[in-house]
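J.: Protein sequence lines, in the order shown, are assigned to chains X and V. Under full-length UniProt numbering, the first sequence has 64 at position 64, and the numbering climbs by one with no breaks. Under full-length UniProt numbering, the second sequence has 315 at position 315, and the numbering climbs by one with no breaks.
It is worth saying that the hints were derived from the structure and are not from the lab. A few of these clues could be false.
Copies of the same chain look alike in the list, so a pair counts if it works inside one copy or between any two.
Simulated pairs of lysine to aspartate or glutamate, EDC-like, Cα-Cα distance not exceeding 20 Å [unchecked claim]:
#: 1; residue 1: Lys223; residue 2: Glu5
#: 2; residue 1: Lys140; residue 2: Asp22
#: 3; residue 1: Lys2; residue 2: Glu99
#: 4; residue 1: Lys223; residue 2: Glu3
#: 5; residue 1: Lys140; residue 2: Glu36
There are 2 protein chains.
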Amino acid sequence: MKEFELINRYFTGRGISRRDVDLGIGDDCALVNVPENCQLAITTDTLVEGVHFFADIPPRALGHRVIAVNLSDLAAMGAEPAWLSIGLTLPNIDAQWLEAFTDGMHEIAEYYNVQIIGGDTTQGPLTITVCAKGIVPNGKALTRSGARNGDWIYVTGPLGDAGLAIEARKQGWSIAPVHLKNANERFFYPSPRVAAGQVLRGVATSAIDISDGLLADLSHILKQSGVGAVIHADKVPTSAALNSLDNDELRLQLALAYGDDYELLFTVSDDNKNMLEAKLNQYGVEPVCIGQIVNNDGRLELLNNNQPWPLPEVGFEHFS
Amino acid sequence: MKEFELINRYFTGRGISRRDVDLGIGDDCALVNVPENCQLAITTDTLVEGVHFFADIPPRALGHRVIAVNLSDLAAMGAEPAWLSIGLTLPNIDAQWLEAFTDGMHEIAEYYNVQIIGGDTTQGPLTITVCAKGIVPNGKALTRSGARNGDWIYVTGPLGDAGLAIEARKQGWSIAPVHLKNANERFFYPSPRVAAGQVLRGVATSAIDISDGLLADLSHILKQSGVGAVIHADKVPTSAALNSLDNDELRLQLALAYGDDYELLFTVSDDNKNMLEAKLNQYGVEPVCIGQIVNNDGRLELLNNNQPWPLPEVGFEHFS
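Okay, chain X solo, but in the shape it has when bound (with noise of 0.2 Å):
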């Protein structure tokens, strides 16, 4: 198969058609419309096997995962996910991991009325890069410097379980099937907050999503807002699965310090603490309290049932 048979199978014609969209993969450049008074959100992921996954990760999953990474990041900015470019670096021409592959992505695409409006198809190592494009009214977006002294940390849903599945695989660790599964699943088939970054949009004071690990992603809002925070690491949700590890250490690690759940992680003030929390239940999401925003030179403190407790090694860290 060629480059162009490839691109013709598996993408042309695929997926939906948005009406701001003049013209879609097949030209040196796609032309799309951004609707007036908006302003266009821009983020880029990539994901290279043996790195960000196993090289026997079930294609569908891997074609879900690498589009939701990226529009996580777009809901972390509280916008309204439009159009996708994806570079797609292949070892080889695979036509039954491709059509699993393509169909993840086309499957995800369409749930959240996105586009894949082009990209490029080269041979190499498997490596996938996403550059999604979102719409949010203008000076509406939610940024990493806006948390102020007083406000609430929430974050979306419970954290851990995608650093489960990776570590009880890599340490060879014994999990009921049913907590297994359902921590694979997490890793596999994350649920970007598309919705409840619409949702946070004018009312949080700053959002980021939990790409690096709980502790890691807070303290890019801490530098950026210029704030400290004290966390009560016994109020972060965590599953079942997690809770079925009787280390309670390995537990807070896996909460605090592992990314990859793409759960929201935001702040509000006092004032629309309650009314935000409504609002997110509408859109069934469950925001728990974890800490607070509070001025101390940038410092983050975390206490367990009120104890002092010690950070975690925190987040993946590349080139580290």
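With the hints as your guide, set chain V onto chain X.
T.: Chain V alone, transformed into the frame defined by chain X:
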């Protein structure tokens, strides 16, 4: 060096700041503004070590080239380049290499007034995916589908030099140093025809950039416009470097079927031919007429000194 340090040292605060960028590197997304009555043009190109370039390519050239090939796609639509997202996968951190590589990127970005607004840096086999965004007035973009019977076919400059540089190295051809130097320069530092693309806007009937080879890229225009063409191989402009090959067949093979020079191929009606030539001349571009669009069931007829000439094998193909 960690990922954040790498981004800080080589990307953040370097390069130009455009007034239409509200938020650049450092949040979940960049935020930019598209002017009213304009469309957004989006393109993506990936370069992979060992496929698109040799491992020992000068890093400054690689940084230049990966941006140039993307700007060339914007040029082919008549778009004004605006913003770049970079997906950079590196096997390791080599400060000297990175310094030169990012110098090459920032130099060309500055020259064309484009801002690097974000991306992702990961560890893995050397692969670079750039997503370039540009702006074009509503309805004025150049596409591949507008060529009409009787239109003249042009290229914006000499072809085959990049192919000469690559093949001379691969095959160990003996070429005069000055010619080899010039051919390498064109392969390493291609000049995307950004100004020419904007001059063509609203006048040329179709355009494409020559990345896969003249005949392969022309065939896209023919297919998408539903027309055929006659090309005069002897009229295709070639450099002194390429002319120094004493094998005429090889010379034509490189000029007609090798890509990577990033000149534009365009069509223009007989009425607008002279005006467009004069206008391009004002921008230092000397377009050369190499044939004509004809109605002949989509066939591509190649003549050399008015004699039929066999079509060379066309274009670079992944997975062929």
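J.: Take the hints in turn and mark each one as holding or not.
T.: Now for the hints, and whether the structure bears them out:
1. Lys223 with Glu5: Only across copies: Lys223 and Glu5 sit 15 Å apart there, 48 Å inside one copy, limit 20 Å.
2. Lys140 with Asp22: So Lys140 and Asp22 pass the 20 Å test across copies only (12 Å; inside, 26 Å).
3. Lys2 with Glu99: within (15 Å within a copy, 36 Å between copies)
4. Lys223 with Glu3: between (45 Å within a copy, 16 Å between copies)
5. Lys140 with Glu36: Classified as both: same-chain Cα gap 14 Å, cross-chain 19 Å, threshold 20 Å.
Comparing the model with each numbered hint stated earlier shows that all of them hold.
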